[in-house]
Amino acid sequence: MRETIATPAPPSRVPPVTPPRTGLWTAYASLLRWTTAQIGAMLPLFVVVQALLAAGVVIGFGLLIPGIDTPAARFLSTGAPTVLLMVIGLVMVPQGVAQARASGTFTYMRSLPVPRPLLLLADLTVWLAVALPGIPVALVVAWLRYGFGYDLDWPVLAAAAALTALTATAVGYAVAVLLPPLLAQLTSQVLVFFVLLFSPITFPASRLPGWFQAVHDVLPFRPAADLLRAGLLSGAYGARWQDLAVLLAWSALGVAISVRALVRRP
Amino acid sequence: MRGAVLEIDRLTRRFGSVVANDQVSLRVRPGEVVGLLGHNGAGKTTLVSQVVGLLRPGGGSIRVAGADAVADPAAARRRVALQAQAQAPLDGLTPRTAIEIAGRLRGLSRAGARAAARRLAAELDIGEWLDRRATPDGGGLSGGVRRLVAFAMAAVAPVPLVILDEPTNDVDAARRRLLWEAVRRLGDDGAGVLLVTHNVVEAERVVDELVVLDHGRVVASGSPAGLRGTGDRDLQLELALRPDGTDPSEPPAGPPLPVTRRVRAGRRVLLTIGAADAEAAVAWAAALRDSGRVEGYALTPATLEDVYLAVTAGAPAGPAAAPEESR
Numbered sequence: 001m002r003e004t005i006a007t008p009a010p011p012s013r014v015p016p017v018t019p020p021r022t023g024l025w026t027a028y029a030s031l032l033r034w035t036t037a038q039i040g041a042m043l044p045l046f047v048v049v050q051a052l053l054a055a056g057v058v059i060g061f062g063l064l065i066p067g068i069d070t071p072a073a074r075f076l077s078t079g080a081p082t083v084l085l086m087v088i089g090l091v092m093v094p095q096g097v098a099q100a101r102a103s104g105t106f107t108y109m110r111s112l113p114v115p116r117p118l119l120l121l122a123d124l125t126v127w128l129a130v131a132l133p134g135i136p137v138a139l140v141v142a143w144l145r146y147g148f149g150y151d152l153d154w155p156v157l158a159a160a161a162a163l164t165a166l167t168a169t170a171v172g173y174a175v176a177v178l179l180p181p182l183l184a185q186l187t188s189q190v191l192v193f194f195v196l197l198f199s200p201i202t203f204p205a206s207r208l209p210g211w212f213q214a215v216h217d218v219l220p221f222r223p224a225a226d227l228l229r230a231g232l233l234s235g236a237y238g239a240r241w242q243d244l245a246v247l248l249a250w251s252a253l254g255v256a257i258s259v260r261a262l263v264r265r266p
Numbered sequence: 001m002r003g004a005v006l007e008i009d010r011l012t013r014r015f016g017s018v019v020a021n022d023q024v025s026l027r028v029r030p031g032e033v034v035g036l037l038g039h040n041g042a043g044k045t046t047l048v049s050q051v052v053g054l055l056r057p058g059g060g061s062i063r064v065a066g067a068d069a070v071a072d073p074a075a076a077r078r079r080v081a082l083q084a085q086a087q088a089p090l091d092g093l094t095p096r097t098a099i100e101i102a103g104r105l106r107g108l109s110r111a112g113a114r115a116a117a118r119r120l121a122a123e124l125d126i127g128e129w130l131d132r133r134a135t136p137d138g139g140g141l142s143g144g145v146r147r148l149v150a151f152a153m154a155a156v157a158p159v160p161l162v163i164l165d166e167p168t169n170d171v172d173a174a175r176r177r178l179l180w181e182a183v184r185r186l187g188d189d190g191a192g193v194l195l196v197t198h199n200v201v202e203a204e205r206v207v208d209e210l211v212v213l214d215h216g217r218v219v220a221s222g223s224p225a226g227l228r229g230t231g232d233r234d235l236q237l238e239l240a241l242r243p244d245g246t247d248p249s250e251p252p253a254g255p256p257l258p259v260t261r262r263v264r265a266g267r268r269v270l271l272t273i274g275a276a277d278a279e280a281a282v283a284w285a286a287a288l289r290d291s292g293r294v295e296g297y298a299l300t301p302a303t304l305e306d307v308y309l310a311v312t313a314g315a316p317a318g319p320a321a322a323p324e325e326s327r
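Protein chains in written order, with full-length UniProt numbering: chain A, 1 to 266; chain B, 1 to 327.
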């Protein structure tokens with residue numbers, strides 16, 4: 001029910017014309033600047049955490065092996081970068097995303113006039129930049145501890161590092177958008193234990209029972225470790241196409257789930 | 001329909017069995033500031049979320065400056081700037097950078113974004129914080145400054161529709177005034193503004209039109225003056241009832257003077273009357289009190305808040321003949 005009221009004459013102003021679509025590159029660069037500022041403040045902290053974790057894996061796990069010889073030390077040390085990338089992607093990223101969801105940042109960014117997949121692209125870019133210093137950090141720690149040299153295959157190393165970081169980050173992002181924040185954090189903790197203790201990253205897969213080796217053939221952890229190792233010790237280890245395919249599949253799955261969560265209107 | 005920058009027609013959205021928006025229709029024209037009022041949980045944020053493509057409507061239509069927000073949410077998002085109720089993510093940024101980034105995302109040139117940041121900082125008087133970095137957990141910049149920066153980010157580039165969700169939270173009184181002037185200026189520049197708030201008193205001063213939501217439904221709409229009553233010279237007579245709750249203003253006995261609105265809230269009855277009838281009203285109320293039929297009375301200028309309480313308490317904002325609902 002409504003009163004009969006004398007409505008004021010409607011304003012006769014002309015609305016601003018619809019703004020043009022912002023260029024994709026400009027939008028991406030602006031988002032990147034935004035995300036970098038948000039995460040950038042914590043970057044020194046991340047590097048310290050990575051260094052400590054690298055020391056933990058390289059030195060601490062070494063203590064578990066009495067009279068560690070050079071091949072074992074090399075295997076252990078070349079697994080450390082994979083551990084670091086997985087921890088950043090599967091722990092730091094879900095926590096960052098869960099926090100963004102809780103604080104309303106996630107919703108805020110989704111209401112911006114940009115294609116939403118760009119939001120993911122900017123986030124992934126920044127997380128990759130955060131994660132990748134973990135590789136030199138781990139290698140330096142291993143070199144300081146055991147003093148052996150590397151046998152680098154740069155193309156394989158670059159591709160393996162980028163793909164491993166992308167897979168970990170995309171899967172971590174997907175976990176965070178798929179699950180409620182508390183469950184996402186719990187899941188990421190469980191994943192860390194799985195990566196550290198039950199994945200043939202720092203020890204050869206041959207020590208696992210056959211069925212568990214088969215499981216690790218389709219999970220991203222062993223393939224990532226083997227690819228990175230092939231880039232670091234190219235004389236002793238070779239890269240396998242199956243491992244590349246597994247990583248590509250996992251990163252595609254992570255990206256697809258993340259994009260869907262960003263685009264979707266419930 | 002020519003020229004409306006926001007046209008919402010019979011918008012309906014449910015969450016399970018809860019109807020958050022029930023057949024909501026409203027319109028914002030260029031240059032107009034429309035207030036969307038409602039208590040917590042009335043469905044205001046649900047409505048805004050559908051306009052910017054965060055939620056899919058269950059039914060009805062939304063057009064933003066000609067774009068169908070249901071079918072093409074990306075096109076609608078380019079036509080609307082939103083200052084959300086949650087704080088904008090500013091951590092790690094200075095207000096200057098944040099406003100510039102928002103401008104760049106809306107298609108301003110580098111120079112244009114810089115100029116807009118300077119202009120808005122002057123307009124909102126936040127120049128002294130313009131280059132101070134916000135740090136996590138609310139450090140660096142106060143909540144009020146963050147809110148003003150978020151407003152500047154929404155107002156940085158010309159867009160057909162600006163939606164402001166509780167823009168004055170935490171903002172000090174002086175800058176609050178600047179903010180309202182800036183909101184009016186957006187309208188003068190041609191934008192339509194949808195102002196979402198539960199602060200009736202503040203909204204009354206800036207809006208051209210008001211839409212009141214209650215439990216997801218539009219329960220009143222119109223200009224503030226129109227909603228208040230016959231004009232700005234109305235008075236409100238408040239009667240404090242006795243504990244047994246008998247209401248001497250109840251028709252047909254009623255007061256011996258014209259009443260434009262009658263609302264009952266608990267043991268209070270609010271009667272909206274014309275200024276010319278003040279004397280008669282006081283005489284009547286004083287007699288009621290003297291005879292012990294009411295505990296007390298008060299005569300004050302009518303405000304929009306009375307109207308708001310009236311419509312959200314269940315009684316429609318209408319003439320006294322409208323059925324009254326006691327709670």
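Because the hints were derived from the structure by calculation, they are not lab data.
Do not take every clue at face value.
[Unchecked claim] Chain B regions said to be covered by chain A (calculated; three or more residues, Cβ under 8 Å): (1) 70 to 78; (2) 88 to 96; (3) 103 to 114; (4) 262 to 272.
A quick note: this is a predicted structure, and the numbers were derived from the prediction, not measured.
Yeah, the Cβ is synthetic: ideal placement off N, Cα and C, and Gly gets one too.
Each hint tested on the structure:
With 4 residues having a Cβ less than 8 Å from any Cβ of chain A, the region 70 to 78 of chain B passes the three-residue criterion, so the hint holds. For the region 88 to 96 of chain B, the stated coverage by chain A holds: 5 residues have a C-beta nearer than 8 Å to a C-beta of that chain, and at least 3 were required. With a cut-off of 8 Å between beta carbons, the region 103 to 114 of chain B has 4 residues touching chain A; three or more are needed, and the interface restraint holds. For the region 262 to 272 of chain B, the proposed coverage by chain A is not satisfied: 0 residues have a C-beta within less than 8 Å of a C-beta in that chain, short of the threshold of three.
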